[in-house]
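Participant: If you want the building blocks of each chain, they are given just below.
2 protein chains.
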Amino acid sequence: MRPAARALGIAPRPLRRRCFASPRASFHSTCVRQQHHSSIAQLLQWKPINKVDNVVVNGFVRSVRSMKSNRFVSLGDGSSLAPLQALVPTDQAEGIAIGAAVRLTGSWVSSPGTAQSHELHVEQVEVLGPSDAKTFPIQKKYQTPEYLRTMPHLRPRTPFNSALLRLRSDAIATLTRFFASQSFTQTHPPIITSSDCEGAGEVFTVAPAGSMAGDEKDGGKNDTQEPFFRSQKYLTVSTQLHLEALAQSVGNVWTLSPTFRAEKSDTSRHLSEFYMLEAEMSFVDDLGSVMDLTENMLRALSKDMYETAVVQEILTRSKQSSGEDLAPADEVRGRWEGLMQPSWPRITYTEAIALLQQNKAESFEHKPTWGAGLQSEHERYLARVVGGGVKPVFVTDYPRDIKAFYMLPSPKPAEDRATVECFDLLVPEFCEIAGGSMREHRLAPLLEAMRRQGMATPPLDTHVPGDNGSSGNSLDWYVDLRRWGSPPHGGFGLGFDRLLSYLSGVQTIRDTVAFPRWFGRCDC
Amino acid sequence: MRPAARALGIAPRPLRRRCFASPRASFHSTCVRQQHHSSIAQLLQWKPINKVDNVVVNGFVRSVRSMKSNRFVSLGDGSSLAPLQALVPTDQAEGIAIGAAVRLTGSWVSSPGTAQSHELHVEQVEVLGPSDAKTFPIQKKYQTPEYLRTMPHLRPRTPFNSALLRLRSDAIATLTRFFASQSFTQTHPPIITSSDCEGAGEVFTVAPAGSMAGDEKDGGKNDTQEPFFRSQKYLTVSTQLHLEALAQSVGNVWTLSPTFRAEKSDTSRHLSEFYMLEAEMSFVDDLGSVMDLTENMLRALSKDMYETAVVQEILTRSKQSSGEDLAPADEVRGRWEGLMQPSWPRITYTEAIALLQQNKAESFEHKPTWGAGLQSEHERYLARVVGGGVKPVFVTDYPRDIKAFYMLPSPKPAEDRATVECFDLLVPEFCEIAGGSMREHRLAPLLEAMRRQGMATPPLDTHVPGDNGSSGNSLDWYVDLRRWGSPPHGGFGLGFDRLLSYLSGVQTIRDTVAFPRWFGRCDC
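Chains as they are written, first to last, in this note's numbering: chain A, 1 to 524; chain B, 1 to 524.
Just so you know, these hints were derived from the structure itself, not from any lab. Hints may be right or wrong, so weigh each one.
If several chains are the same, the list does not tell them apart, and a pair holds so long as it fits within one copy or across any two.
The calculated lysine to aspartate or glutamate pairs, modelled on EDC-like cross-linking and capped at a C-alpha distance of 20 Å, are [claimed, not checked]: (1) K134 <-> D461; (2) K264 <-> E226; (3) K360 <-> D325.
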């Protein structure tokens with residue numbers, strides 16, 4: 001192995017036990033030479049002065065140009081946006097077709113072309129997975145996201161979609177490191193749950209195949225047999241309630257978990273199945289700690305990932321290669337820089353309403369009114385004016401009556417306007433990207449808040465634990481958490497797919513998820 | 001801050017903005033002193049020679065003993081099996097009740113008792129979450145797992161269950177690091193899927209609340225409106241098929257994803273919702289590479305985790321504290337040691353049958369017969385004889401007719417006995433813990449295998465991509481993967497909850513999952 005290869009961490013290919021020149025072929029005379037073998041991303045970084053022989057590379061043919069005695073092959077393996085250029089002698093080029101999976105062996109030499117520093121002069125071609133070029137639906141030219149979305153099983157093969165897979169993977173690993181460094185316990189809250197509290201009808205129900213899920217009292221009744229579960233079950237819309245139980249065990253917890261909504265919305269922001277990053281902290285003093293965690297996490301994520309290969313590829317991609325469905329690279333760079341900023345502004349909802357009402361520069365379609373939700377136009381204005389269009393902005397302490405029952409009242413209510421200790425995190429243009437709150441940790445006020453919202457509640461002073469299946473109140477267990485040792489606690493939730501949209505510049509969330517599901521669509 | 005505290009990484013508690021002596025209380029005179037604050041696990045490791053004042057600790061009261069002028073309080077916070085001992089002056093002990101969430105401030109001093117090196121002499125008590133000791137269902141004495149399972153929302157508060165949460169978290173983080181080090185891309189395959197191929201009826205269907213899921217042709221038809229999805233949808237039973245698509249994008253992929261089975265089985269090994277660790281490798285030469293990955297992963301996991309606090313706690317737990325529902329600690333230690341062994345034996349199914357048939361020492365209830373599946377008694381015998389009861393054993397190349405359609409034929413079929421390139425990984429006593437295979441990557445043989453198993457197939461040479469919703473064959477997309485560039489590939493799946501059972505000694509899988517779901521049971 002040459003020192004240059006060793007320095008790059010490019011492993012020599014071990015003696016191969018079998019080749020794939022034809023499926024299940026026996027040993028091949030060329031297979032027992034020692035060869036270099038690595039990802040295309042690694043190879044493209046490797047710029048030896050002298051020619052290196054016996055370099056082996058696996059990949060998919062992205063395009064083929066026929067020249068006099070050679071074919072110029074663009075090869076990709078998902079490890080980089082940029083392809084590897086390979087020169088294949090015409091007499092070796094049988095089976096070199098767009099879409100084919102091939103193993104190429106040859107010399108890695110500096111290239112006379114300007115598009116790449118080095119190229120592979122191929123001596124041996126193995127077609128490991130043939131392709132019918134006439135029917136292969138992925139082309140090198142621009143294809144609309146709508147068209148690509150009709151074939152989610154093939155779409156990941158486009159260079160930008162493979163970059164999105166790598167971005168997701170790096171983000172998961174970075175978050176896992178971050179939370180471990182903060183002594184948070186990563187958990188697996190349940191997907192099938194007993195309560196549909198937040199969904200208010202926009203939830204999915206679950207039942208064994210062949211059973212009737214329509215019977216509300218009995219989800220999962222088989223025609224001839226007992227029901228699978230004792231009562232109607234749902235796909236979770238948020239893991240928060242269960243995280244609160246786990247936070248009473250180990251203190252600080254987090255999860256990256258699939259969640260579901262049966263919303264009949266056909267917009268670029270809605271998915272029926274999406275990953276939520278949720279965290280819950282126990283023994284926290286106030287909302288400030290929850291905002292600190294959210295801010296520190298996003299800042300650590302952006303700082304740790306900014307210099308990585310995949311992020312730099314996304315920020316320097318040529319516009320042409322990915323069409324108009326991406327936000328401009330400069331704008332996306334600004335998003336990363338915004339998240340890396342220190343000290344994000346925090347204002348209350350009441351202050352935000354005052355700011356919006358004072359505004360003279362802009363006419364809003366919806367008049368900003370205390371007690372109503374903030375419209376997108378309001379959020380965009382706040383991100384621009386309060387955050388300078390750079391820093392994310394926390395808006396806190398929304399009116400109690402437009403927020404969830406479990407939120408803790410704000411410590412100092414402003415003039416009979418009851419608010420709760422919660423926040424929305426707004427980022428420029430994109431607006432809300434995360435939300436969190438302190439939770440009502442006291443039993444009596446929680447029951448009062450539930451009654452105020454018309455929810456069924458158990459009695460204040462009696463409850464038999466273990467009776468969840470039959471009590472009729474699917475949230476009895478959640479109330480129970482307050483009966484025995486419920487310290488002040490709070491947490492946040494962040495739509496992970498939406499975050500990846502924001503960080504990649506992909507305009508619709510459907511294109512950041514490999515197999516998106518939304519109203520009317522669940523291909524593959 | 002004292003140097004000793006600094007060396008331990010115990011952060012001084014920042015100036016506190018609010019106390020919780022009473023909920024939402026105003027500033028407290030004692031709150032502005034600088035104080036030490038850390039987890040109980042950290043505190044228990046901290047053995048200063050001199051008394052340290054102003055130490056603050058949060059936790060839940062596990063038990064209280066009344067002595068003359070003090071209460072002896074056992075305090076836990078989920079960070080360790082061992083509790084902290086705190087001496088609370090009787091006149092300060094109001095609200096110190098089992099289950100209560102408290103914040104204690106006092107001096108950390110060496111203890112005259114033999115059960116702990118240091119103890120906290122409390123000067124200030126804040127009851128952050130009161131508890132009704134009379135009704136608190138978790139007691140310090142042994143409680144059966146059946147009883148604890150009736151209240152999954154409270155069960156995590158027992159010391160051993162909090163250790164299981166930490167074990168899971170550490171395992172996730174370790175696996176994430178392992179796969180990142182191997183350049184595998186972590187992915188999020190879909191949960192809601194179109195195919196029920198493997199479940200053969202034992203799958204869950206999904207439909208929006210208020211709709212009829214019973215209509216097989218139309219899962220999710222609202223009485224008055226169009227159906228949510230175009231056809232029946234299911235909860236995934238395995239992410240493998242989707243991982244294969246993603247492996248054609250970025251090469252090597254993995255996931256830790258929830259999967260579901262509607263099996264009406266009420267055993268210690270069955271859950272309706274469980275996490276599967278699945279990995280898929282592209283451009284692999286043969287099954288050996290897949291077994292290498294499985295073996296390397298489990299060895300790395302066990303080596304990286306063995307010395308951690310949580311594993312050592314699990315291995316040194318007193319039997320009394322956790323009842324008879326755990327395998328003996330020595331046996332569990334042997335499991336960890338087995339996974340750390342090099343070079344696990346690999347034998348074929350055909351060799352295994354021969355071994356079983358030669359066996360004279362043991363009489364089997366089921367006669368070992370080529371062509372039939374291996375029974376548990378057979379697997380236990382093989383783990384004992386081939387693995388010496390220590391090393392895990394790979395059994396490979398099972399008969400084609402008892403395995404899934406997508407498996408690749410073995411390269412050298414033995415005397416007309418068709419086998420496929422697959423493995424089961426057996427561990428002592430517990431038996432199968434993982435399974436994997438090479439996948440049939442060639443179009444025509446895949447279609448032939450599907451037809452042999454009576455599955456609907458698309459024509460060999462025509463297919464319109466993007467037509468998945470209406471073709472009637474829910475696996476057309478999977479066949480499609482072979483039309484264009486399908487290199488040899490393979491992977492494995494491992495039941496993550498079962499692995500945690502094995503590594504913790506918990507006898508039933510229901511007790512390794514915080515909120516277990518199985519036939520008839522989905523509490524909370």
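Participant: Indicate, hint by hint, whether the structure satisfies it.
Facilitator: Here is what the structure says about each hint:
no. : hint          : result
1   : K134 <-> D461 : between (73 Å within a copy, 12 Å between copies)
2   : K264 <-> E226 : between (32 Å within a copy, 10 Å between copies)
3   : K360 <-> D325 : neither (33 Å within a copy, 70 Å between copies)
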